[in-house]
Each structure stands twice: as structure tokens, then as C-alpha cells.
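Chain by chain, the residues run as shown.
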Amino acid sequence: METQKQAVIAIGGSAGSLEVLVRLFSYLPRNFLFPVIVVCHLHPQDNGGLVDFFSRRFPHHIKEAKDKEQVQSGMIYFPPANYHLLVEQEKSFALSVDPKVNYSRPSIDVFFESASEVWTRDLTGIILTGASCDGARGICSIKDRGGLTIAQDPGTADSYLMPKAAIDTGKVDKILSVEDIGLFLKSMA
Amino acid sequence: MTSNEVENLEIQLLLDAIFLRYGYDFRNYARASIRRRILQFMKDQRIAWVSEMIPRLMHDESFFEEMLRGFSITVTEMFRDPSLFLALRENILPLLKSYPYIKIWHAGCSTGEEAYSLAVLMAEEGLGDRATFFATDFNDTALEKARQGIYSLDNARQYTLNYQLAGGRHSFSDYYYARYEALAMKSRLKEKITFANHNLVMDQVFTETHLILCRNVLIYFNKELQERVIRLFYESLTHGGFLCLGMKESLLFSSYQDKFKEIDSKNKIFQKLSG
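Line by line, the protein sequences are chains A and B.
Per our numbering, the very first residue in the first sequence carries number 547; after that it's consecutive.
Per our numbering, the very first residue in the second sequence carries number 2; after that it's consecutive.
Some chain A residues well away from chain B (every beta-carbon gap over 12 Å; in silico): (1) L564; (2) S572; (3) L574; (4) R576; (5) D598; (6) T702; (7) S705; (8) Y706; (9) L707; (10) L722; (11) S723; (12) E725; (13) D726; (14) G728; (15) K732; (16) A735.
Heads up, incomplete: computed chain B residues facing chain A, CB under 8 Å, no partners named: (17) A31; (18) N217; (19) E250.
To be clear, the hints were calculated from the coordinates, so they are not data collected in a lab.
Here the structure is a predicted model, which is why all the values come from computation and not from measurement.
All C-beta atoms in this analysis are idealised placements derived from N, C-alpha and C, irrespective of residue type, glycine included.
So that you can see chain A by itself, here it is in the shape it has in the complex (with noise of 0.2 Å):
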């Protein structure tokens, strides 16, 4: 029997992704019923400026992931800085100080993996522009695992690489513009 599907909508992005989430979480109602969960790279130092960034622009509940918190709908969280993210079984967050994975701590492989593991066919991970390889191995698990796989067109993107990296592993469903990615957010909502 079809259990009632919990969408969990995971992000990868670099620094240079920041105006691209700017549109995306304009498309995002106010009131949406699921976690977005968005890593993205930034400066090792950076103290929750991602939170107060967004937070100043949008109404949605913003906030840095605390360890061992649970994971809540209707969020949008980012990992603290110099942190890797990960989720545990019970659907709490975890963090770690392990060393960096493709040059970043936060990793998006790190995090996407984990967060296959435990949402597997209700995740979707998305991955937006970046100079960069990182995300292309937590696409490979969030689709091995039945989850959905969205990267930016690299065509769109300031910089292709990180999407041309997760197209290329052959495991991305849909290549879409940042206006597309917006639209399925809102009909995810």
C-alpha cells in the first residue's frame, strides 16, 4: 500500500548560487509543507550571514541546523559554516567536523548522501550552479535510491560545472531553468 509520500526537497549550490535562491524561494508560498534543506558553500567563518541574508528577504522560517534537532516542514535550514551536514535515521540532524569532501565543508555529496539514506524515494535534490564537482556523487545516491534529481541547465548558470558534473553521472531526471525549478517548488507546495 502507498504510504502518504513526505517530500523533503534537498539544494546544492556554490557561493555564486545565492541570487539563484533568491528567485527560487520567491516561488516558495509562505505556508509550504515540507523541509528544503540548502547547502551551500560559503566562507569558513561566515556566522549564520546565510540565515540573516534570507531572512531579511523573505517571510519563510529560516534557520541554521542545529545538531541533533529535529528535521520540521515548512523550514528552509542551511548548515552552519565549516560543518558537514548529515541526517540521522530518526530524522534529526547531525553534525561533523570531518575532513573536507571536494575542497568544502560543508560537502553536498555529504549531505545528499545521508539524506538518502534516510528519506530515499521522498527526496529530491537539486543542483544549482557552481564551480565545482561536489553534489555529483549525492546525485548518483538520491536517484540509486529512488529519489527525484534536478540540476540547473548549465546553459542557465553562471557556471556549469557543478550541474554538468551531475548531469554527466547519467543520473539526473530533469534539466531545468531556475524560473522551471521555481514552478516545481510551488507545485510541490
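Knowing the structure of chain A, use the given hints to seat chain B on it.
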């Protein structure tokens, strides 16, 4: 069972096997991180199934030792989070100065970078001579590196910058010799620290401690184990003693939350309340 559930079961069996055979207890580690380290170790060793490792670690101690190193990789640096060291220098060490004798415990010191940072701080603030300073970890390989106090010279620039941000009063290069590619801590600093093996999961309290540093260790434990370790710290501290956690750690989910006062919320410094 889904393949995920099978893998989780294998991990549980593996952790049970490690505990029963070698006495190292990872069963209450935060599962997501330990799982990632196990899978990473398997990838490096070209092992397909988690349960394949059980017979190997039963009969091959060197295989287990290698695994243990993989489980306890920690990344640290000198004066990591300089604002904490500045807060210790300006707000905490002056309070400790009023004691004739002070005891400091750095739990989970790994390869020792933060222990040396604290030793520098104590020397500069005039506490070096009346302090006993224990730095502990469960990983003997890391402890050996800590005792040697030899680090890569590549990081010297970052460490110097951190030292300055932490309110350094001299030049960081006063504290080490640069040789070849290495940065070797001076012996006058080394002899201030007693590096010792201690496992937070099963070992006992350090009595009458005035300051405990345990940073980015609790995030690797589940709630039950966190609770045990926080109790251990509570019982080890003198009344009014201080506890420093990692920048993203807290006492939020602990029953000991009310027994401490958060005196620096940014740098996560807590003070044990009396009674």
C-alpha cells in the same frame, strides 16, 4: 528488509563485534557519522559488504587498528575558533588566577593542536606555573602525535593569524622551531601538558577540575552518550568551574542544562552552578 535496513543491521552487528572483541564502544556514537566513516573505510579497503569486516576484525588485530584510525580522524588546528581563545584569555583565565592551584582537562584532544594553543595562552596569562594540564584522547596514534608536537609547516601562516586573532601577546614563532617542512613545539610548552589515554565512553571522572575543554566531540555522540559525558564533566568540575564546548554544540538536549549557566553563548562557555 530494504537494502538500507540490511546495511543498518550490519553496522549494528559490526559495532557489537568491535565492542565484544576489543572493548571499544562505538554503539552510542551518532550513527550518521560513524556510518559514513565505515563506508569510507570500506571504499578505501575495497570491501563490498559491512558484514565482511566482522570475521576479519575478529582474527586480525592489525586490521582493527587500521579501522580504528579511520574511525577517529579528527581535524583540528591551532587556536581553532580564535574568538573562544580570546574569550578564555580575557574573561576566564583572569578568574582562575585567584586559585593557588588550577587543574585543566582538555577532553578529546586528538593530535594536540588546541592543547598547545591553551598552553600558550596560560603561559602568556601567567598561569603556567600553578596549573596541571591533562589532555586526553582514546586514540593512541593521535596521542603519540600530540606528545611529539610536530606539525606541518604549511599551516604556520593560518596558525599565526589565529594566534593574533586570539589576542597573542608575542610572536607565535616564539613557541616553535621550524625545521625542514615541520613546525616543532618547544619543550617548555610540551612539558606543561600531560597527554594521557582516556575514553569518554567508559572511563571515569577527573576530580576537582577548574576548566574543561571538549570541542566538537559531543556532535559525534548520540543523546544518551552525550548525557553520560556531560554528567562526567559536571562531576569532574569544581563549583564555579568552566566548560567549553564546540561552537555548534550546546546543553540543549541535556538534563544538566539547568545545572550550568551559559556565560558566553557565542563561544559556548558554561559555568557549573553550585548545589
